[in-house]
Amino acid sequence: MKRTSFPSHAIHSAPRLVLGIAATAACFALSLSAVRRAAASARPVYGGTLRVQMREHLTALDPRVWPTDPAEQAAAQRLMPLVFDRLVQFDDRGEPQPALAVSWQHDAQSLNWQFRLRDGVKFSDGTALTPDNAAASLQQTLGKDFQVRALPGTVQIQAARSAPDLLVELAAGPHFIFLAPLDNSLTGTGAFRVLTWPAAGATPVVSLGANDECWAGRPFVDKIELTMGVDPQQQANAVSFGEADVVELSASQVRREQQRGVRTVSSEPATLLALEFDTSRPAANDQNLRAAVSLAIDRAAIANVVLQRQAAVAAGFLPQWLSGYESLLRAAPDLARAKELLSAQAPGEVPRSTSLALVYDSSDADARAVAERVAFNLREVGLAVQVFSQASAAGRASDLRLVRIPLRAPDPAVTLAALLTGFGESVPADLETSESRFAAERAAIESFRVIPLVHETESYGLGPHVRNWMTPLWGGWRLEEVSLSAAEPAAGAARNQ
Amino acid sequence: MSFRTKLLLIFTLTTVAGVTLVAWGVSSNTRRAFEQFDLNRTDALVTQFQREYQQRGEEVVHRVQGIADAEATLRMAIALNNPQADPSQYYNDAYALAKTQQLDFLEIAGDDGAIISSAQWPARFGYKNDWVTTESDWNSQRAFLRRVELPDNVELGLLAVRVVPIGAKKLYLMGGQQLNQTFLASLVLPEGMRALLYRNLEPGFVATALSDLSGAVREADRYAPLILRVQQQKVPGEMTIQWTSDPASAESFHAIPLSGRNGDLLGILLLGSSRHDLVMMLNFIRALALLVAGAAILVGVVLGWWISARVTRPIERLAAGAREVAAGNWETRVNVRSRDEVGQLAAAFNDMTRQLAEQRERLVQAERVAAWRELARRLAHELKNPLFPLQLTVENLQRAREQTSDQFDEIFFESTAALRAELENLKTIVGRFSDFAKMPAPHFESVDLNDAVRGAVKLFEPQFSAMGRPPITPEFYLDQNLDSIEADPALLRRALENLVLNSLDAMPAGGTLTVRTSQNNGTVRLEVSDTGSGLTPEEVERLFTPYYTTKQHGTGLGLAIVQSVVSDHGGKISIESAPGAGATFRIDLPLRAPAQVKSAAKSAGAAAAPESARTAQIPDTNLR
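Protein sequence lines correspond, in order, to chains E and U.
The numbering of the first sequence is our numbering, which starts it at 152 and goes up by one.
The numbering of the second sequence is our numbering, which starts it at 35 and goes up by one.
I should point out that these hints are in silico values taken from the structure, not numbers from a laboratory.
Heads up, some of the hints might be wrong.
Quick list of the computed label-pair ranges, beta carbon to beta carbon [stated by the list, open to error]: (1) U:Arg252 to E:Val578: 54 to 62 angstroms; (2) U:Ala258 to E:Arg503: 27 to 35 angstroms; (3) U:Lys203 to E:Pro433: 42 to 50 angstroms; (4) E:Pro433 to U:Gly226: 50 to 58 angstroms; (5) E:Pro433 to U:Lys268: 39 to 47 angstroms; (6) U:Ala258 to E:Pro433: 48 to 56 angstroms; (7) U:Ala148 to E:Arg503: 50 to 58 angstroms; (8) E:Gly380 to U:Ala148: 21 to 29 angstroms.
We treat Cβ as the ideally placed atom computed from N, Cα and C, and that holds for glycine.
Full structure from sequences and hints, please.
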């Protein structure tokens, strides 16, 4: 079975070809020959090993052990779909589409859901997908709030309470269908199967082989060699020197790598960078201080300079492209007002401390620069901020924490609910409408307990052989769609998407 | 203290003083030389530092100029000259450019001084450095010290500014290197020296601002006085720090102020020089001096002893000879063979003793002759008086034979009575001489002088108011606290009686006999005064000469006996008299008889016969 999707290059190449034929009638023969060569080079080919590098280091590829750390979770979101499939999956616009389930239905209260499984699907070890397998997998990942039962050709999910967003949840969360043999080596129905998984302490290189029997068609590459735990700068160097085909790039690296001739691709701004007050610290209880911090920060400078325009100013938790109302929220710095707030003090009130501690994730390449810029902004309004990394923060209390949160799903309600929950804010029952989401988000933002800074893109550097790269809006990758060209690329021919 | 000891002491003191003086001189010179050497080293190091500082500054200028001249910088300047330029794309460039030129600091600022890119503090982009736009000609300026702000702290930097002018706009490059221990490491320090840098970036003394090659400095507070002094005075200063109780742990520090472009004190270079070598050298010198002094003292003592022995031996012989002479050994001779002054002195001494002995011999012979003559005169005088009556009596007897028997008998009886009386008189005279010759040795016992005085005077009480002569009034002034003395009571009584008798004889017209006793410094004094006619000096001089008398019927032995008794008791007798003013006999007796007097008395007692024979040699032999 062949894959049914077409590479974007092919789609974009056709009009060019037509224009070329019309405009260059005198050189028809020559042009025709050139176009034939171009078409042939753009056509996906099978085979090859795709070398991928990533910063995170996953210790297991198991949907049942879903990481809690946002960065690791994002890494799992990228890696697990290569081996496992869900019942539904997002399309390019973020809409849930059939995957292992070909159709579904639910009752009016969204309590009972039935998913009809795709026929003829086999796990990579040849075992056929059955409702029992699927139900067993889902029951383990959905938890006790859901009852999952296998019916003939169908999986029934009964929610304890109304679950209108179950499709998004199934498409975004760790709800993969897997087969768990006795040796506990999980098998999936995805485009790849795990050939080798690094033992503890060994070089963290994962080897994935193409699943020839994949229901969605065989991937173009034969093998993926994924190296985990690679430093961002090493990744950038690796792709420059041809040692890797796909690497992660931090926002600040993108422009430089482009200047170095590396082809880069970026998602929509889908990762939220925000400052979160530690509720156990006195600063979290000082409304004026929190507001002053928010007003002192020059978000545009962070987005445009520190993150090299690979981010957008975040006035809200959800990016504009997802919420549609972010532009209505205020994000411009107002130093005068910030100073005014800081100088305001009620009679008898204990003078506030003007010294804050800001901690950042040391594994985040750009976090330090962002944190230092925040500290610089806050210094300008009279707040002394000590910046230190998590790695060096052992035993040290921090007032502020720079957090990076990948958006969970291209669904604003689900994502906002997840964000509010994560921030400890109250989540309204109704987040289905833009108005309700705006009201909920505005209320949370104006409490200044979590101060959004920017929405950052997810960027990758691609080697010259990589073809058919497709980046979803909210980030991630689709390596099953990627093919490798056999020919060496011409110098300087790299093209940025 | 003997002469030899004195000489030895002088030798020793001279040696010690000499060694001490030499040690002090060497130590002082060494210290001065070392301090001069230390000063030279410090000066050399300061010069080296200034050279290194200047070189480092030139290097910084060169590196910043290198960045300014780089193609990328030029492109950046051109691009930024465009009104639609996006400075954000150069956000990270300063870091990379700084790395290429090995600069610790680099900031790229636009025409308005706003930072486009900062290597040391990337987050500072957009911040305006106003100070950089005030200078118009940066490209001719040298490197200078400046405070460099970092995210977490402030550092001291050696900076240079270069300007890339593009059209009407300028691109400022502010680059430099940190002035820290790495810079200190570039200084080639001699052994025993070290360099420290104080970054004067905050008011007062901040211990953490002081660093050396290894980083933070231990016990940094010890440097505070020097740092504070230089901060206040802004001139070089010095201080010595002794780290432990051991003086060898001391280090002297020279502080050199480092100023910025505006003359503000931004750093202080401390050059420390260990005083270990100096102290060790001084200790060595001191130990050596002590050793030499010890050896010199030893040698000096031995040598001094030997030399003083050589020098003092003849003098000691002379002294011993003199003592012998003083003891009466007139035949003493000093055996000194040297030809120096001491030898001449010894020869003179020998001549003197020889002459003294000869003169004594002559004097003895003369005195002996004189004594014989005096004795003969006295004997003749004494014997002549009874002999004449004897002769008349005998002649009267011879003439009486011609008388009748009755007359003869009467004459015979009268004559024989007269003969007997004169013979008795002769016998008495001979007895007195014999008594003088037989002066016994004293037998010492405890005697109360006041009692002895009272007893002797009482014996003569009848004569004080005897019929037919003017009365004599005795007066006593006796010290009642007088201690008893060691004396022979019989001899003492005899001497006192003689004195009282002498005084009575001196006052034929009556008068007052005054007797005084007193005690002073282990000596009792007895004074017997009369109010007689007194004595002439010649009489006083001869008064104790035996057989000399101013009286018509005296034997001249009374006062001689007194003198003999006083002498035998280790005392002295003197006379104070003037004609017409009476006379006072003053006797001083020791409370305890001297040992030599006692031993002489014992030996005299043991050989009484020969001594008596010797003492009475002249009169007795003649009398016998």
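These are the hints, each one checked on the structure:
no.: 1; hint: U:Arg252 to E:Val578: 54 to 62 angstroms; in the structure: 57 angstroms, holds
no.: 2; hint: U:Ala258 to E:Arg503: 27 to 35 angstroms; in the structure: 34 angstroms, holds
no.: 3; hint: U:Lys203 to E:Pro433: 42 to 50 angstroms; in the structure: 47 angstroms, holds
no.: 4; hint: E:Pro433 to U:Gly226: 50 to 58 angstroms; in the structure: 54 angstroms, holds
no.: 5; hint: E:Pro433 to U:Lys268: 39 to 47 angstroms; in the structure: 43 angstroms, holds
no.: 6; hint: U:Ala258 to E:Pro433: 48 to 56 angstroms; in the structure: 35 angstroms, violated
no.: 7; hint: U:Ala148 to E:Arg503: 50 to 58 angstroms; in the structure: 31 angstroms, violated
no.: 8; hint: E:Gly380 to U:Ala148: 21 to 29 angstroms; in the structure: 39 angstroms, violated
Figure legend: structure checked against the earlier numbered hints; hints not met, in rising order: 6, 7 and 8.
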